Structure formats: structure tokens, C-alpha cells
Amino acid sequence: MTAVPVLVPPLPTRPSAEPRRLRPGPEALVRPTVIFAAAAAVTGLAFLATALSGTFGYVVCTYFVFVALFAWDTVRREGRTAGWDRVVTVAVATCGLCTIVPLAIIVLYVVTKGIGGLSGNFFKQSMASVGPLDPSSQGGAYHAIIGTVEQVGLAAMIATPLGLLTAVYLSEAEGMARPGKKPRLSRTVRLLVDAMSGIPSIVAGLFIYTMFVIKLHQGYSGLAAALALSVLMLPTVARTGEEVMRIVPGGLREASLALGAPLWRTVLRVLMPAARSGLVTAVVLGVARIAGETAPLLMTALGSDAVNKNPFHGVQSALPLFAFQRMRNAAPSEISRGWAGALVLIALVLTLFTLARVLGSHKRKGA
Amino acid sequence: MTAPGDDLQITLPEPSTANLNGRATRPAVEASALEARDVKAWFGRSLIVADVNLAMPPGSVTAIIGPSGCGKSTFLRVLNRMHELTPGARLAGDVLLDGQDIYATGSRPARMRLQVGMVFQKPNPFPTMTIGENVLSGLRLAGISVGDKAQVVESRLGQAGLWTEVKDRLREPAGSLSGGQQQRLCIARSLAVSPKVLLMDEPCSALDPSSTKRIEETIRQISTSVTVVIVTHNMQQASRVSDYTAFFLADQGDPGRVVEFGPTREVFSTPNDPRTEDYIHGRFG
Ligand SMILES: Nc1ncnc2c1ncn2[C@@H]1O[C@H](COP(=O)(O)OP(=O)(O)OP(=O)(O)O)[C@@H](O)[C@H]1O
Ligand SMILES: [Mg+2]
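Those protein sequences? They're chains A and B, same order as listed. For reference, each letter of the first sequence is one residue, going 3 to 369 in our numbering. For reference, each letter of the second sequence is one residue, going 460 to 744 in our numbering.
Hints listed in this document are in silico derivations from the structure and should not be mistaken for laboratory results. Treat the numbers as computed from the prediction; the structure is a model and nothing was measured. Some hints could be false.
What the hints assert, rightly or not - Pulled a few chain A residues facing chain B out of the computed Cβ check, cut under 7 Å:
| hint | residue |
| --- | --- |
| 1 | A30 |
| 2 | G253 |
| 3 | G262 |
| 4 | A263 |
| 5 | R267 |
| 6 | R271 |
| 7 | M274 |
To be verified - These stretches of chain B come out as covered by chain A in the derived footprint (C-beta under 8 Å, 3 or more residues):
| hint | region |
| --- | --- |
| 8 | 564-572 |
| 9 | 585-593 |
Every residue, glycine too, gets a C-beta built ideally from N, C-alpha and C.
Please put together the full structure from these sequences, using the hints given.
This is the structure:
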């Protein structure tokens, strides 16, 4: 009789006996670090020995020498495929770094420049009755913060519903058209929205200026600024929202319709909840688009040094305008106020994003 | 080829109240008759299904069998106006629900689909809703209020053979279920609106034998009050569950047509067309 050892199940080993499989830990970084040091040294020697010079050139050369050495080392030890894998890993990581670094530099720069101008009075006082030569301990951006919050808030209130409705229309137009007919209008709408997203912001400001401020005799106000900003925000929300709605699996739409749901309930109860976090992103992108806009405010809110809490009447300031106006003065206190304004604007937008992210992912059910 | 029509009405078996183990369902909702007349369906320029004439009497179970790609799903989707939702889709012919043309101008697709439910080939529960909410979703989406929600959830999940598995997880997201469980949830969801006709497109293709058995029992059980049309690739299932069988076949470059239609027992024992016999016994290209 032949033995059948292969059919005998292996004796159960104690769980602790089997080493746990882990992703490569920090020790995996040792070799690349050594290679990097070697690359730096080799490049350094080359720079010393030849006419090559310059810090930037040194960094770039070190980088390429490192990639080459690292690839060669991996190919030698683990083969070609692993070598390519490392090269691409390094390349992708470099790309990621290249996008993050400028962003970090900008933020850090604004923080270092602006932090000095931030004091209690900056959030409490306006620039009314503060001269350009007054020290930073006087005056502030209270009026500008109020203006930005009100203008951006109003613009979001106008553009969000309009943008989301447009997004739904664009993504669902085929379902709304009578069977067999092409949804012509939706193509026109999409074209117009695309064209709208190309409008220079100064033109949006001019448009509201001529139509609203002048023709309708409304005068400068926060509302006029909000209208101009909503013109800029609408296409971003609409087109991003459309793309998000389109990637909702078609099976969900069909499931809902097959249950006897009318299209509007399908959109409201099934499709929009499924696309929820994406739609929040669309709105956030829209707000990001407008929060830092300066040009359209010049002709709509005009700017002011005094507090005006009423966005529907009278000139109003805003943080971008505040930064712009302060920076035009040469006095050091004014410049530092300008940087502080920019810092507050960044902080404000960041807070808004975080809030939106939290709201968007909140109560997410299942995959 | 058996012409569906008057002679079929004669061979119609008595609605099967016998095999319900005494759990006779309330005949509150009467099943509807469904009839397809000269149905043709296109995708773009290509004719997919042609000249389909089928009469599905109230309370019957009709199995649609046929090789892959012959237009079974397409035909099924014509029966509840889902076909027209695909861009470029066209169709001709009439579909009569209790004698009323569902494609008549002015008829409302949403209202009709409330009576003609559908279970899809791929499970598609609503990911943003919990398991319990999914069962009730049809009612909520159609704007129907229900008195005893817990009772609806329990009875419909029970019919779909899912209740014991999920009774303690009703508040969990539907996405946390396995594929087969999701499919049974979709069946429960379709049953919750008490349709008069239920179209099922390979409902058991993702299910294990015991869940399949449970679904087949459910089909038999609901067939007193629901007319069922089921597409299946499983010949045993077709013979076990259906009263009538339609065999669809598409020749190369030709649209799918009904080759054979009749009482299931006759189609399986003494088919008129040799191709039916070949297909049923697996002797097919
Ligand atoms: N959206 C579509 N656009 C164009 N052609 C389609 C579309 N959907 C299906 N078809 C074609 O219609 C034909 C019938 O498809 P259908 O899905 O009805 O087949 P089926 O009989 O259900 O097959 P299976 O058993 O594999 O599910 C196929 O040839 C398919 O390629
Ligand atoms: Mg199919």
C-alpha cells in the first residue's frame, strides 16, 4: 500500500510559532539610505573634481545617480522586474513630493510672514480710523473676515443648489428625454457651462457691475460680490457634480426605477446619497475657486475700511481685497497686516474644507 | 411552434394553492396577465429580439431559456419598460398588462413598474441604505406608507430566505452582505411592493443550492398572487419551477426568436422543435 503523505493535513502549529507576515518595516529603508549616501558622496566627488558646481545642480545630479545606483543594486539582487518596480516607485514618490513641496512652501511662507501680524485686535478691529503708519497693535481685519464669510456664504447659497440641479440635469437628461429622442438641450447646457467656466473672473465682476450695480441701481454691496462669485462657482459645481453623478453605478438607477420610483425620487433618495461625498467635493471645489478671488470684488463690493455687517447694502471689504489694499502701502505694519490677512484667508478655507470633508464622509454606510 | 393563445388557456393548471404547506398567502393582490405581441427590440441599428408572442396567464410561472446573448434579458426588460432607458434602444409591438398596453401614450412607466417588479442578474442593493431600509426602499421610493414596517421586513426577508441570517443585522449597511445574500435582499426588496408580475433575470446565478431551493420555493409560493417570468440557464430549475417554458434562440446574425413555447412538461418531454431537445439535453454548440 502506498503512503499518501500529501493527503495528511499538517499538524496544527501554535499560532505564535508562525511568524506573522508584515509589510516591509523601517529596516527596508536602510539599504536605500546607504545607497543615497553613496550617491551623494559620488556626486560630491565629481563636483569637486570637475568644473561642475551649484547647489541645485548637485541635488538634481545626486537624485539621478541615486536612481541609477538603486536600480542597478536591485537588479543585481532581485532581478529586472524588481528593479523596474523600484525605479517606478521612486519616480511616483518624486512626483508626489513635487506637488506637495510647493504647496507646503507657500503655506509655510504665508504662515511665517503672517503670524507676526496676528494679534487679538486683528480679529476684533477694523481699519476705520487707523492710519498706514499706525503699529500692528492697532487695526485689524474684522471687517474683511465678515465680508468674506458673508460673500462666499451667499455665493455658495446661490451656486450650490443651481450647480447641483444643473449637475443632475446634465447626468440624467437621457432618462428625462422621451424615449428615442436625443436630449439636445443638455448638450447646449453642457457647452454653455463649459464656456462659463472659462470666463475670466474680472469679466464676471464687470457683468455684475453693469447689470446689477449700475443698471438695476443696486449700488455696491456684498450681495453684488456674491453674485459675481456665484457666476464663477456655478460651472465648477455643475461639471464636477455631473462627473460624480455619472460614476454612480447604473445598476442603482435601474434598481430604483424598476421598483416603480419616479425619476426625481430616484435622484433624490438613491443617486444623490450614493454620490454624496463626491457632491460635497464638488461644492468644496467651487468654494475653493471663489474664496480667493479678488478681481470681481473690486467692482462689486468695492472694499472698505469700516465694518459693514449688512451684505445687502453698502460697500464691504473681503480678505483678498484687504490683503491687496494693505500690501499696496509701503509701511511695514501694513505689509504685515496684509500677510496676516492672507494667512487668515488660508486658515478659513482650510477649516471649511475640513468641515466639508467631515460632513461628506459622515454616516457613510457600507462600500 | 406552439402559438400562444387560446389553446394555452385550456392547458392552464389550476393556480397551485396545494403546495403551500398550509401557509396560503392572502389573495389580497391578484396576479396579472401579461402578454407580449409581436415584440421587436433594437439596440441602435441591430435587431436583437423579433416577433415574440407570449401569453403569460395570471399566477403562472414562465421560464425563459436559451443560449447566452439570444436576447432573454432584452425581452424581459421590454416587459417593464426598462429597455427604453438604454440610450439608442428602440422597440415595436405591444405588451399588455391585464389587457392594457403598457406602452400606450399617457401611461406612466413608474406606476406600471410598481406592478411589474424586476430582479436583476447582478445584485444591486442600495449601498447608502441599511439592510432593513433596502427591504422597505421600494415602498418609500414609490411614496407608499406602510403600517407595520418590522412585519414587512421580516416576512419579505423570510420569503427570500434571508431572515435568519440577517435578523440581527438589519441596521448594518447592505454592502456588508455577501453577493448571494445581496441577491436575496434584492428579491425581498422586489417582493415588498407586492408586485402583480415579477420579472427575474437569472436570480439564482449567484446563489448556493440551498438559497436557490429557498428562492424556488418562494417562487412557487408567490405564484398564487404574482405572475412570474424567470430567465434561467438551469434546465432543472426551469422544469422544477415553471408552468410554461419559452425557448429563445438567435441564429448567427439573426435576432433572437421564440423557437418553442408551451407547458413546461411538454417542452421538456416532447418538444416540437429538435433544436429545443438538443438545447435542453446540452447537445448544443
Ligand atoms: N446596451 C446594449 N447595447 C448594444 N447591444 C446590446 C446591449 N445590451 C445587450 N446587447 C446585445 O443584445 C444581445 C442580447 O443581449 P441579452 O443581454 O438580452 O442576452 P441574454 O440572452 O440575456 O444573454 P445572457 O444569458 O448571457 O444573459 C447580445 O448580442 C448583446 O450583445
Ligand atoms: Mg441576460
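Do the hints match the structure? See the list:
no.	hint	in the structure
1	A30	violated, 34 Å
2	G253	holds, 4 Å
3	G262	holds, 3 Å
4	A263	holds, 3 Å
5	R267	holds, 5 Å
6	R271	holds, 6 Å
7	M274	violated, 9 Å
8	564-572	holds (count 5)
9	585-593	holds (count 5)
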